[in-house]
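Q: Sequence:
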Amino acid sequence: MTEITPRSEDFSKWYLDVVKRAELADYSPVKGCMVIRPYGYAIWENIQRLLDARFKATGHVNAYFPLFIPESLLMKEKDHVEGFAPQVAYVTRGGDEELEERLIVRPTSEVIIGTMYAKWVKSWRDLPVLINQWANVVRWEKVTRPFLRTTEFLWQEGHTAHETAEEAEVETLKILALYKEFCENELAMPVMDGIKSESEKFAGASRTYSIEALMGDGRALQAGTSHNLGQNFAKAFEIQFQGRDKTVQHAWTTSWGVSTRLIGGVIMTHGDDSGLVLPPNVAPHQVVIVPIPRGDWKTTVLPTCEKIKAELEAAGIRVKLDADEENSPGWKFAEYEMRGVPLRLEIGPKDIEKGTVFSARRDTREKAPLSMEGLTTTIKELLAAIQSNLLARARAFREEHTSEATTWDEFKAAMEGRPGFVIASWCGSADCEAQIKTETQATLRNIPMNSPKVDSPCIKCNGASTAKAWFAKAY
RNA sequence: CGGGGCGUAGCGUAGCCUGGUAACGCACCUGCUUUGGGAGCAGGGGAUCGCUGGUUCGAAUCCAGUCGCCCCGACCA
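In our numbering, the protein residues as written are 426 to 900.
Worth flagging that the hints you see were computed from the coordinates, not collected in a lab. In this text, all values refer to a predicted model and were calculated from it rather than measured experimentally. You may find that some hints are simply not true.
Derived lysine-lysine pairs resembling BS3-like cross-links, with alpha carbons at most 27 Å apart [unchecked claim]:
no., residue 1, residue 2
1, K481, K438
2, K732, K745
3, K544, K660
4, K837, K626
5, K745, K671
6, K445, K456
7, K660, K732
8, K805, K734
9, K745, K723
10, K547, K671
11, K501, K481
12, K779, K792
13, K862, K626
14, K438, K501
15, K626, K445
16, K456, K567
17, K599, K805
18, K547, K501
19, K723, K792
20, K547, K567
21, K757, K723
22, K626, K599
23, K862, K893
24, K862, K885
Pair by pair, the computed Cβ-Cβ distance ranges are [claimed, not checked]:
no., residue 1, residue 2, range
25, D749, E470, 15 to 25 Å
26, K775, K837, 57 to 67 Å
27, P431, A838, 18 to 28 Å
28, R446, G520, 36 to 46 Å
29, Q866, G519, 43 to 53 Å
30, A735, A810, 35 to 45 Å
31, K837, S813, 14 to 24 Å
32, R474, A590, 16 to 26 Å
33, T802, K503, 53 to 63 Å
34, A590, K456, 23 to 33 Å
35, Q866, A810, 45 to 55 Å
36, G519, A759, 49 to 59 Å
All C-beta atoms in this analysis are idealised placements derived from N, C-alpha and C, irrespective of residue type, glycine included.
Kindly produce the complete structure, drawing on both the sequences and the hints.
A: Written out as structure tokens, the structure is:
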């Protein structure tokens, strides 16, 4: 009945089954474009709310820039064009008129935002500009998967402009740290923060930092990026200001984003053979109440259910009361487990007599009666316990699936199958990086922020190493 | 863009090899009995078999073309 392929049998199929059965998303008639269904969108709304509060708390404001961008703007930054042109969708007609200049549908907004910043920034007093936008973008992908890679996707993109290189770097790292904290505390998804190699950095950036998560099948997922764009875009778009020293200077800009891909990350970090397992902080319903319909339950049981629901909601807890008579309690148990609801409360005549409710945790599947006395407090504690247990579990999984290799043979052996992260010394050359990819399918995910001192030669060429990098097969 | 697979009721499939006018499970509708781990019985509605053309007395089935989707690779949040 569940129709969910076991994770161990075929992880990819399991993932697609969960997305579909839990009604997170569905395929649309447009190739590569998915419909985010209400249950999936509710997760996104929680992600938005929690992230947006963090952006505001760090001084950012929201704005909205247009979907369409004149093609000529894309052409202004050389590396940026090369990186994005192959994935761009074009608009050539409006109604029955052929357009004089083609428009691109934004794959990202650096160029349109850079153009506007050039108008707005005149003086050092105009800086910094700290703007974020919540938007959709389009990238013509050859291969798509729900949430992980779709032709159109939702994200936030922050774009900032600063007076100095130092300030831009501080901003870039501040956001990286913000993302990491968000992923770990809200999504219970541990991430490794670090810097990308030259070949993996954002098209047009001076430096790209990323957070990398490890999925349940041992593959890495880039969960967010923060780019220090240096003066590259400021020069291409003439974002100039007169400085404190009266000279005219180019601004220093950054951009950073996370997308609906995070939902895919949550699914693949916590899910199990029964379906989704959602961290309470982003779960659309943190608690589901299932009344047990016995005898005259509508007068004996239901009022208590409604009272508890009201009390929990008053305490800020998201509650679903499923008093639908069509489905049996057993059906509901299975259904809400499949949908990943963190905590289930069963309330029947026996519970009413005893002054208890029967609880079942999704993460550990532990079941226990809870006293109605102080129930709201108990449930708050339980949700917090589930949230931290999920993070601890995911951390333990990552540690079990992270190894260090000191020789090429060791590295290759470690990359067999679906291993997780492999830490190895690297000389910094793009050649070695490319060879590693060709021979093992593993890519350099990033070089962690607190990377230890290098004491061993490059895993590939045995030359002098510059850093210890984290490698993995990635999504 | 290479390799593979699939289009039959809302969903998942069988039937196709060996042509004879579409079947099963789930879902849905009605009624009754049920309900503490995906309820049971009875009755019922719903598909011109992706599309186009061809072969044939006759095509879901054979042939050709075409469109679309999924999976695995190379490229990417």
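Q: Evaluate each hint against the coordinates.
A: Hints and how they fare:
1. Taking the CA atoms of K481 and K438, the gap is about 39 Å. The hint is violated against a cut of 27 Å.
2. For the hint pairing K732 with K745, the CA-to-CA distance comes to about 13 Å; that is within 27 Å, so the pair holds.
3. Annotation: proposed proximity of K544 to K660 holds, straight-line Cα distance about 13 Å (limit 27 Å).
4. A threshold of 27 Å between alpha carbons decides the hint, and for K837 with K626 the separation of about 25 Å falls inside it, so the pair holds.
5. Simply put, K745 and K671 have alpha-carbon atoms about 61 Å apart, too far for the 27 Å limit, and the pair is violated.
6. A hinted pair counts as satisfied when its Cα atoms are at most 27 Å apart, and K445 with K456 qualifies at roughly 17 Å.
7. Only pairs whose Cα atoms come within 27 Å are accepted, and K660 paired with K732 is rejected, the gap being roughly 62 Å.
8. Taking the CA atoms of K805 and K734, the gap is near 13 Å; set against the 27 Å cutoff, the hint holds.
9. Pair hint K745 plus K723 holds up; C-alpha atoms about 17 Å apart against a cutoff of 27 Å.
10. Proximity of K547 to K671 is assessed by CA-CA distance (about 12 Å); at most 27 Å being required, the pair is judged to hold.
11. As the CA atoms of K501 and K481 are separated by approximately 31 Å, the hinted pair breaks the 27 Å bound.
12. In summary, the hint linking K779 to K792 is supported, as the alpha carbons are separated by about 16 Å, within the 27 Å threshold.
13. Taking the CA atoms of K862 and K626, the gap is about 16 Å. The hint holds against a cut of 27 Å.
14. Our distance criterion of 27 Å between C-alpha atoms is broken by K438 and K501, whose separation comes to about 42 Å.
15. Between K626 and K445, the direct Cα distance comes to roughly 33 Å. Violation of the 27 Å bound is thereby established for this hinted pair.
16. Between K456 and K567 the CA atoms are separated by roughly 10 Å; this keeps the pair inside 27 Å, and the hint holds.
17. Taking the CA atoms of K599 and K805, the gap is about 30 Å. The hint is violated against a cut of 27 Å.
18. Distance hint between K547 and K501 is fulfilled; the C-alpha atoms sit about 21 Å from each other, no more than 27 Å.
19. For the hint pairing K723 with K792, the CA-to-CA distance comes to about 25 Å; that is within 27 Å, so the pair holds.
20. Taken as a hint, the K547 and K567 pair is broken in the structure, with Cα atoms around 42 Å apart against an allowance of 27 Å.
21. For a cut-off of 27 Å, the pair hint linking K757 to K723 stands: about 18 Å separates their Cα positions.
22. For the proposed pair K626 and K599, the alpha carbon gap of about 18 Å is at most 27 Å, so the pair holds.
23. In summary, the hint linking K862 to K893 is supported, as the alpha carbons are separated by about 16 Å, within the 27 Å threshold.
24. A C-alpha spacing of about 11 Å is found between K862 and K885, which places the hinted pair at or below 27 Å, so the restraint holds.
25. Taken as a hint, the range 15 to 25 Å holds for the pair D749 and E470, whose Cβ atoms sit roughly 24 Å apart.
26. Under the hint 57 to 67 Å, the C-beta atoms of K775 and K837, about 59 Å apart, fit the expected range.
27. Taking the beta carbon of each, P431 and A838 are about 27 Å apart, inside 18 to 28 Å as hinted.
28. Checked against the hint of 36 to 46 Å, the C-beta distance between R446 and G520 comes to roughly 42 Å, which is consistent with it.
29. The beta-carbon spacing between Q866 and G519, approximately 44 Å, falls within the hinted interval of 43 to 53 Å.
30. Roughly 23 Å separates the CB atoms of A735 and A810, a value that falls outside the hinted 35 to 45 Å.
31. Distance hint for K837 and S813: a CB-CB separation of about 37 Å, inconsistent with the stated range 14 to 24 Å.
32. At about 33 Å, the beta-carbon gap between R474 and A590 misses the expected band of 16 to 26 Å.
33. For the hinted restraint 53 to 63 Å between T802 and K503, the CB-CB distance of approximately 59 Å keeps it satisfied.
34. Distance hint for A590 and K456: a CB-CB separation of about 43 Å, inconsistent with the stated range 23 to 33 Å.
35. A C-beta distance of roughly 38 Å is found between Q866 and A810, which places it outside the suggested range of 45 to 55 Å.
36. Checked against the hint of 49 to 59 Å, the C-beta distance between G519 and A759 comes to roughly 51 Å, which is consistent with it.
Violated hints, in rising order: 1, 5, 7, 11, 14, 15, 17, 20, 30, 31, 32, 34, 35; the structure is consistent with all others.
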